[in-house]
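Asks: These protein sequence lines are chains A and B, in that order. Residue numbers for the first sequence follow the working numbering, so the first one is 1 and each next one is one higher. Residue numbers for the second sequence follow the working numbering, so the first one is 1 and each next one is one higher.
You may find that some hints are simply not true.
A pair counts as met if it fits within one copy or between any two copies, since identical chains are not told apart.
[To be verified] Below, computed lysine-lysine pairings styled on PhoX-like, alpha-carbon distance capped at 25 angstroms:
| no. | residue 1 | residue 2 |
| --- | --- | --- |
| 1 | K77 | K97 |
| 2 | K191 | K171 |
| 3 | K502 | K168 |
| 4 | K9 | K440 |
| 5 | K126 | K486 |
Treat the hints as calculated values from the structure; they're not laboratory data.
2 protein chains.
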Amino acid sequence: MKQSQLFGKTLKDTPKDATIISHQLLYKGGFIRESTAGRYYFLPLGLLVHQKIQKIIKEEMDATGAQEMITPVMHPKQLWEETNRTDSVGFELMSIKDRSETEFVLGGTAEEMLVDLVRRFQVSYKDLPMNLYQFSTKFRDEKRARGGLLRMREFVMKDAYSFHGDEKDFKLEYEKMWQTYTKIFQRMGLKTVVVESDNGYIGGEYCHEFVVESEIGESQFFTTEDGTYAAHEEVARFQRDSKNLDEAEKKMEQVSAERGNTMEDGVKLHDLPLWQQMKDLMMVDEKGNIILAVVRGDYDINEVKLAHVVTAYALRHATEEEIREIGSEPGFISPVGMSESAAKAGKKIIIVGDTSLRTVKNMYTGANVKNQDLLNVNIDRDYTLDIEADIALAREGDLAENGKPLFAKKGIEVGNIFQLGFHYSSKMTGATFMAEDGSKQPYYMGCYGIGLARTLATVVEKYSDAKGIIWPEEVAPFKVHLISLKEDEKAEKIYKELLENKIDVLFDDRDIAAGAKFADADLLGMPYRLVVSSKAGEQIEVKKRSEDKAELMDLEEVIKILKK
Amino acid sequence: MKQSQLFGKTLKDTPKDATIISHQLLYKGGFIRESTAGRYYFLPLGLLVHQKIQKIIKEEMDATGAQEMITPVMHPKQLWEETNRTDSVGFELMSIKDRSETEFVLGGTAEEMLVDLVRRFQVSYKDLPMNLYQFSTKFRDEKRARGGLLRMREFVMKDAYSFHGDEKDFKLEYEKMWQTYTKIFQRMGLKTVVVESDNGYIGGEYCHEFVVESEIGESQFFTTEDGTYAAHEEVARFQRDSKNLDEAEKKMEQVSAERGNTMEDGVKLHDLPLWQQMKDLMMVDEKGNIILAVVRGDYDINEVKLAHVVTAYALRHATEEEIREIGSEPGFISPVGMSESAAKAGKKIIIVGDTSLRTVKNMYTGANVKNQDLLNVNIDRDYTLDIEADIALAREGDLAENGKPLFAKKGIEVGNIFQLGFHYSSKMTGATFMAEDGSKQPYYMGCYGIGLARTLATVVEKYSDAKGIIWPEEVAPFKVHLISLKEDEKAEKIYKELLENKIDVLFDDRDIAAGAKFADADLLGMPYRLVVSSKAGEQIEVKKRSEDKAELMDLEEVIKILKK
Numbered sequence: 001m002k003q004s005q006l007f008g009k010t011l012k013d014t015p016k017d018a019t020i021i022s023h024q025l026l027y028k029g030g031f032i033r034e035s036t037a038g039r040y041y042f043l044p045l046g047l048l049v050h051q052k053i054q055k056i057i058k059e060e061m062d063a064t065g066a067q068e069m070i071t072p073v074m075h076p077k078q079l080w081e082e083t084n085r086t087d088s089v090g091f092e093l094m095s096i097k098d099r100s101e102t103e104f105v106l107g108g109t110a111e112e113m114l115v116d117l118v119r120r121f122q123v124s125y126k127d128l129p130m131n132l133y134q135f136s137t138k139f140r141d142e143k144r145a146r147g148g149l150l151r152m153r154e155f156v157m158k159d160a161y162s163f164h165g166d167e168k169d170f171k172l173e174y175e176k177m178w179q180t181y182t183k184i185f186q187r188m189g190l191k192t193v194v195v196e197s198d199n200g201y202i203g204g205e206y207c208h209e210f211v212v213e214s215e216i217g218e219s220q221f222f223t224t225e226d227g228t229y230a231a232h233e234e235v236a237r238f239q240r241d242s243k244n245l246d247e248a249e250k251k252m253e254q255v256s257a258e259r260g261n262t263m264e265d266g267v268k269l270h271d272l273p274l275w276q277q278m279k280d281l282m283m284v285d286e287k288g289n290i291i292l293a294v295v296r297g298d299y300d301i302n303e304v305k306l307a308h309v310v311t312a313y314a315l316r317h318a319t320e321e322e323i324r325e326i327g328s329e330p331g332f333i334s335p336v337g338m339s340e341s342a343a344k345a346g347k348k349i350i351i352v353g354d355t356s357l358r359t360v361k362n363m364y365t366g367a368n369v370k371n372q373d374l375l376n377v378n379i380d381r382d383y384t385l386d387i388e389a390d391i392a393l394a395r396e397g398d399l400a401e402n403g404k405p406l407f408a409k410k411g412i413e414v415g416n417i418f419q420l421g422f423h424y425s426s427k428m429t430g431a432t433f434m435a436e437d438g439s440k441q442p443y444y445m446g447c448y449g450i451g452l453a454r455t456l457a458t459v460v461e462k463y464s465d466a467k468g469i470i471w472p473e474e475v476a477p478f479k480v481h482l483i484s485l486k487e488d489e490k491a492e493k494i495y496k497e498l499l500e501n502k503i504d505v506l507f508d509d510r511d512i513a514a515g516a517k518f519a520d521a522d523l524l525g526m527p528y529r530l531v532v533s534s535k536a537g538e539q540i541e542v543k544k545r546s547e548d549k550a551e552l553m554d555l556e557e558v559i560k561i562l563k564k
Numbered sequence: 001m002k003q004s005q006l007f008g009k010t011l012k013d014t015p016k017d018a019t020i021i022s023h024q025l026l027y028k029g030g031f032i033r034e035s036t037a038g039r040y041y042f043l044p045l046g047l048l049v050h051q052k053i054q055k056i057i058k059e060e061m062d063a064t065g066a067q068e069m070i071t072p073v074m075h076p077k078q079l080w081e082e083t084n085r086t087d088s089v090g091f092e093l094m095s096i097k098d099r100s101e102t103e104f105v106l107g108g109t110a111e112e113m114l115v116d117l118v119r120r121f122q123v124s125y126k127d128l129p130m131n132l133y134q135f136s137t138k139f140r141d142e143k144r145a146r147g148g149l150l151r152m153r154e155f156v157m158k159d160a161y162s163f164h165g166d167e168k169d170f171k172l173e174y175e176k177m178w179q180t181y182t183k184i185f186q187r188m189g190l191k192t193v194v195v196e197s198d199n200g201y202i203g204g205e206y207c208h209e210f211v212v213e214s215e216i217g218e219s220q221f222f223t224t225e226d227g228t229y230a231a232h233e234e235v236a237r238f239q240r241d242s243k244n245l246d247e248a249e250k251k252m253e254q255v256s257a258e259r260g261n262t263m264e265d266g267v268k269l270h271d272l273p274l275w276q277q278m279k280d281l282m283m284v285d286e287k288g289n290i291i292l293a294v295v296r297g298d299y300d301i302n303e304v305k306l307a308h309v310v311t312a313y314a315l316r317h318a319t320e321e322e323i324r325e326i327g328s329e330p331g332f333i334s335p336v337g338m339s340e341s342a343a344k345a346g347k348k349i350i351i352v353g354d355t356s357l358r359t360v361k362n363m364y365t366g367a368n369v370k371n372q373d374l375l376n377v378n379i380d381r382d383y384t385l386d387i388e389a390d391i392a393l394a395r396e397g398d399l400a401e402n403g404k405p406l407f408a409k410k411g412i413e414v415g416n417i418f419q420l421g422f423h424y425s426s427k428m429t430g431a432t433f434m435a436e437d438g439s440k441q442p443y444y445m446g447c448y449g450i451g452l453a454r455t456l457a458t459v460v461e462k463y464s465d466a467k468g469i470i471w472p473e474e475v476a477p478f479k480v481h482l483i484s485l486k487e488d489e490k491a492e493k494i495y496k497e498l499l500e501n502k503i504d505v506l507f508d509d510r511d512i513a514a515g516a517k518f519a520d521a522d523l524l525g526m527p528y529r530l531v532v533s534s535k536a537g538e539q540i541e542v543k544k545r546s547e548d549k550a551e552l553m554d555l556e557e558v559i560k561i562l563k564k
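With the rest of the complex left out, here is chain A (with noise of 0.2 angstroms):
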């Protein structure tokens, strides 16, 4: 292609609210353009990386035997109440009606539409396995759009799903998936880590994101120094060590405490240290239950695994009021006699505790009661547990469970699997296959995403300089950026015998200065750089955009090297 017709002008300047460098770049070398926040046009040069991006994954994805087809966008809001996922609230989903008022979403997943689709067909046990997989665009009224394509409102999905006849079956696809991804990534020169992570509104028991080190980016996770254990923060998993527990049980014993509401009041008030203190956090689901979360004070509550050990989609702070009512007292909330207390109110309170309360002795707390404390308060004898469970947030430094120390890191989720066991097929009518001894089954399904835009924009992130993007070859736009210093008619030949070997290019014909060509060139990011110049008389001069060094050739030894 020639540039003096390609559509899209590089730019010195970016937005102010374009931060991160893939945002820059990408605005800067005219691939992209915000139309409304979270929402892109791209632009011939972006769109060409979309696609082979999506070239990649199309190969890959097809190499597993898995289906490309299509769903529409706009799905009947019928089948998403069949699964309840209108009311997971953390779903950031669109809803439209038609002219004759029937109700749609636009599209954020489509596991309703295939499992819609595949049980119109009478699926026997030999149909299975089966994986589906379309690209399409997708839809998340998120609260906030950022950072360029890294968090957009509408874009292109791969999403698979894939249909077994038992678990078994399913984990064998996962692992295939899981191989398949992390190929797709490299190919694109990402190395990923496969971190464990939440559901969320997916559904199902387990989840793994492939996430690509950044800081720049959203998914905080842990892992341990040789990569054996890595999880999301909301859901890493880690040991409680021991503090205490030698002391012997002491009297619990209720004293006066005129103090601040805050956990530091109390560790100065009693002179005690922070993990022997209670940490108790009242919390509120969307259907209005109360629940009391408790660790000891030294950890943080981990409100995602306490939504999951509640079943709840979304949680909130009770008010201070809320609190009173249920006969407590905010900076004094105690498990201890709290079911009672809500019981007089002619209330209810789940009452969750981390198992790190089993970690200490004579722990102190709140008395539910202003300005009164109880000290020597112990798990068993002094209160119960309705739920008993892990909801801690991991630190830096904690031990996983396989004993080894955790860190913390950043990165951006380019793609994740799930499994969703019978989630789906359980609740939908009729998403059954005939198994081998005739009786109906549900299916056991998994699935599988990959955000086309958001691995465009870490790829920016991951290679450029402060000159520009360095695009991997197999995702960059052209191949080659041939450039004509005032050397026109050879240039125009060179480009022709180049594209006669199917070689991509886009030649820079237009009559501006070097400096600004050579500026372009590294702006936009071509592995390789052609010049034509008087200097180079009959040879090219070719320069990877990777490395510094330039070396004159012959235009048939340059063809060799490209045709590689």
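Following the hints, put chain B in place on chain A, whose structure we already have.
Replies: Just chain B now, with coordinates in the frame of chain A:
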């Protein structure tokens, strides 16, 4: 691909609402499934054809120098307000609000989006012309979806938008697109008629539909036998033949007329020809303006032409009450004295007459009073028109302006090309380029669309027989259908050899009866059927889907033919 693993089984029956061939065959063959009315799943086979159609369009568009890019699907409604398109009720627009109450429309076409993008760049005359196109999902809230893929509510459209310095340059592009479209459809085996048509909600002054003749098509058009003129019935121009112009103008008289309200009642009562009667139609536009349209009695009023003439978005027939309120009478409407009657009633009326009113002397019509008619009414003498224009529907047999008789035809509209002129660039602020003299000028524009799914269905309409589809090679999901008749090992070898030779092949490796395999091959319609059987020995039975005779050949020979 092995058929045993292909998702999407063939069926013998079709849903009741599948009344047209393409719907039936695409359903039976497992190419598509309906999600909700007008919204379809493309199963693997269907998507393959869709992708081949996309590939052909892309190749031909790229060859013209057009550049692919993509816009978001959700367009800010504000842009559509800039061009007043939210008012054009004829357009089936879907609106949606996001969580911050910002309004969007789901893109039906993308003129505003393209202009909004291009106006951000400092476009100079050197950058023009420029043709930008995309493949993207479009949404139309159609009153009635019909016919499988023929009228959908959600579909992928290739839409292109061109920008020019002046009309002359635009006309070159329009011609180029005309040729390109003809070639695109030819490659798919479709012969298109290029038909003048109505711009509808798109705007601009003229446009052309690419129509494939078909009895089930919704496009009604007229064409001369030699094809030198072809126009949609909504816009077809034709000559009005003179009737009794040599007759002297007689004195107008009002007579008692006890008759019914139809044209036939008038003919009977006065025993005069239908063509001598006036046909008067009272209409109301979207702003409430009342319009009286008048034509010669043997013609009908063309409401699309009428709407253009009075620049209305939507016209409806006036109610009997409205007719009386303005001082007339249903069944006895007449232009004579109508403006005065309306003024007396405190209202305004626009009287629009067809040019055919000049081909008759001494017409008869109502007298705006029940059971009173006027005889010997003559234009200019007895009444005047506010607008005199072409507002009549052509009929088969009428003469085109070139003097040749018109034939009525039906067809499927697979593409269209539009002159937009300054329609968008004049309405949208800053939609300018820098001209050679340094001044800012609005771009002169055109746009060009092809609906992919409808094109796909049209191919099936044209290429099928009683047994199934007969895909033209360029759009076939697979070039070859390889069938093993209990010779799986041999067939497997041949399958691999074909794949190694990069020949697309669907391999029927299923353990089912030969008859069922042959029936599927005929239904699915791959261009070549290869049968491996003990009967054929080491040879392969080769049959083209479009031909009856089969031949035995060696594999080597088969590959030679297929690689052609």
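Asks: Hint by hint, say whether it matches the structure.
Replies: Okay, the hints, checked on the actual structure:
no. : hint         : result
1   : K77 to K97   : both (10 angstroms within a copy, 17 angstroms between copies)
2   : K191 to K171 : within (23 angstroms within a copy, 51 angstroms between copies)
3   : K502 to K168 : neither (46 angstroms within a copy, 35 angstroms between copies)
4   : K9 to K440   : between (59 angstroms within a copy, 19 angstroms between copies)
5   : K126 to K486 : between (66 angstroms within a copy, 19 angstroms between copies)
In summary, the one numbered hint that this structure violates is 3.
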